[in-house]
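S.K.: Please build the complex by placing chain B on the supplied structure of chain A, with the hints as guidance.
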Amino acid sequence: MSADIHTLAGAYALDAVTDIERAEFARHVAGCESCAQELAELRATVGRLSDATSLTAPPNLKASVMAAVAQTRQLPPGRDPEAREAMKRSRGWRGWAAAAAAAVVLAAGGGVAGYAISNSRVRDAQRAASAAEARNAQINAVLTASDARVHTDRLTAGGQVTVVVSAKLNEGVAVLADLPPLSNDRVYQLWLLYGRQAKSVGVMNPHVLAGTQLFGGVDGATTFAISAEKAGGAPAPTLSPVTSVNL
Amino acid sequence: MTSSRGDARREHSEPGRLEAVPSVDSPPDAEELLGRVARGDERAFEQLYDVVAARVYGLARRIVRDPAQAEEVAQEVLVEVWRTASRFDASKGSATSWIFTIAHRRAVDRVRSEQAGADRLQRVATIETPYDDVVEEATARLEKTQVRRCMAGLTELQREAITLAYYGGYTYREVADLLKTGLPAIKTRMRDGLIRLRDCLGVTVG
Chain A
0 MSADIHTLAG AYALDAVTDI ERAEFARHVA GCESCAQELA ELRATVGRLS
50 DATSLTAPPN LKASVMAAVA QTRQLPPGRD PEAREAMKRS RGWRGWAAAA
100 AAAVVLAAGG GVAGYAISNS RVRDAQRAAS AAEARNAQIN AVLTASDARV
150 HTDRLTAGGQ VTVVVSAKLN EGVAVLADLP PLSNDRVYQL WLLYGRQAKS
200 VGVMNPHVLA GTQLFGGVDG ATTFAISAEK AGGAPAPTLS PVTSVNL
Chain B
140 MTSSRGDARR EHSEPGRLEA VPSVDSPPDA EELLGRVARG DERAFEQLYD
190 VVAARVYGLA RRIVRDPAQA EEVAQEVLVE VWRTASRFDA SKGSATSWIF
240 TIAHRRAVDR VRSEQAGADR LQRVATIETP YDDVVEEATA RLEKTQVRRC
290 MAGLTELQRE AITLAYYGGY TYREVADLLK TGLPAIKTRM RDGLIRLRDC
340 LGVTVG
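Chains as they are written, first to last, in my numbering: chain A, 0 to 246; chain B, 140 to 345.
A hint or two may mislead.
Each computed SDA-like pair below joins lysine to any residue, with the alpha-carbon atoms no more than 20 Å apart [stated by the list, open to error]:
1. B:K319 x A:L154
2. B:K319 x A:Q159
3. A:K229 x A:T242
4. A:K61 x B:A324
5. A:K229 x A:S239
Some chain A residues well away from chain B (every beta-carbon gap over 10 Å; in silico) [as the list claims (entries may be wrong)]:
6. C31
7. L74
8. A136
9. A156
10. G157
11. S182
12. D184
13. P205
14. G216
15. A224
16. K229
17. T237
18. S239
19. P240
20. S243
21. L246
Derived by calculation from the structure, the hints in this document are not laboratory data. All C-beta atoms in this analysis are idealised placements derived from N, C-alpha and C, irrespective of residue type, glycine included.
Only chain A is shown next, with the shape it has when bound in the complex (with noise of 0.2 Å):
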């Protein structure tokens, strides 16, 4: 991944990638100098982009804009790296919406299930949603966690899965996205495997083809794999997996 990730430079600069890659680059980026000065140029460049599309700005826009300025509290001096910066983006519904979004992701897990009907029953979407928040949190942690592994596969059959892992926090986080669709009575779960043990980490819903899972107990586990079983999801996985990532 790490010979990979350098051609990621152009993209991140344009802002054209996923969460997980942005705090991935912003890691290999932290630790490379001539990477750093190419992102500074790359990201001058494009913002030259923007004379291209220059405006003229609502007349109202600036008295707006200075009466927000005005009851605005503003940072004190400090280090403000991209972890950080994902971090406060992830925060509230917006934000968290945002990320999920931009993972390209719609997770499996319950408190995500709960923002999808928001508007019907708006006191459980915000319960839901300070759950989603809270386990947002933790996906962002690990994501930005200094440790952390990426580990990704191409299905053969269509689709992406990221497998994040910090030894450090004993966590990982799973991406899917355009999972191949299966039948009917059939479900993507989840699985941790320790050497010939196999532990469930989380199934997911008929029809759903894409989506973050987090997931502990990482520590001594080799791979992670999917399986497509019945619907609720198996207690061992019957078939051999549909992919499996060496951790």
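M.R.: This is chain B only, laid out in the frame that chain A set:
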């Protein structure tokens, strides 16, 4: 001639030469303004607003499209600049580059959250007028600037990839889908294209 100051200046300039006058081409230095903003100077912020607001708003408008939402995004961005001014790190690039990075990211976050998840993917997969519109409109605007000349020096794939990502707010995966090109190629085109633009525009940092 009416003031001694005018006379003094005249003494310094050679006869027959035009005097240099402060013009709209040399706006107040954004770095200096941002430094004062970091110390809580609202008047400096107002001046900074005048320097960057049109580009912040224009970019938001280009990406988000909806004028009311673009205005909201622009306001969020500008207030964020005020709030986090002390975190600006000149070693990582210029003040305007920092501001437009915030602006672009905010605008992109807005479109991505609006078109969340699978819905957006589907939309991308079945999109009817995929990129001609985006490319053409952006290109039309680019005509006025040096940026256009440099964009014209890119290969078609480089230009389309950068245009879709920057003005369209698409991820490189979506760009790869739209242009029916593999992911590694798209990543490479974006980077190579930006490097070529950098050299053409004479962008330097540090």
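S.K.: Does each hint fit the structure? Answer for all of them.
M.R.: Now the hints, each set against the structure:
no., hint, verdict
1, B:K319 x A:L154, "holds (18 Å)"
2, B:K319 x A:Q159, "holds (17 Å)"
3, A:K229 x A:T242, "holds (17 Å)"
4, A:K61 x B:A324, "violated (42 Å)"
5, A:K229 x A:S239, "holds (14 Å)"
6, C31, "holds (14 Å)"
7, L74, "violated (5 Å)"
8, A136, "holds (17 Å)"
9, A156, "holds (17 Å)"
10, G157, "holds (12 Å)"
11, S182, "holds (19 Å)"
12, D184, "holds (21 Å)"
13, P205, "holds (14 Å)"
14, G216, "holds (27 Å)"
15, A224, "holds (23 Å)"
16, K229, "holds (23 Å)"
17, T237, "holds (27 Å)"
18, S239, "holds (27 Å)"
19, P240, "holds (23 Å)"
20, S243, "holds (21 Å)"
21, L246, "holds (23 Å)"
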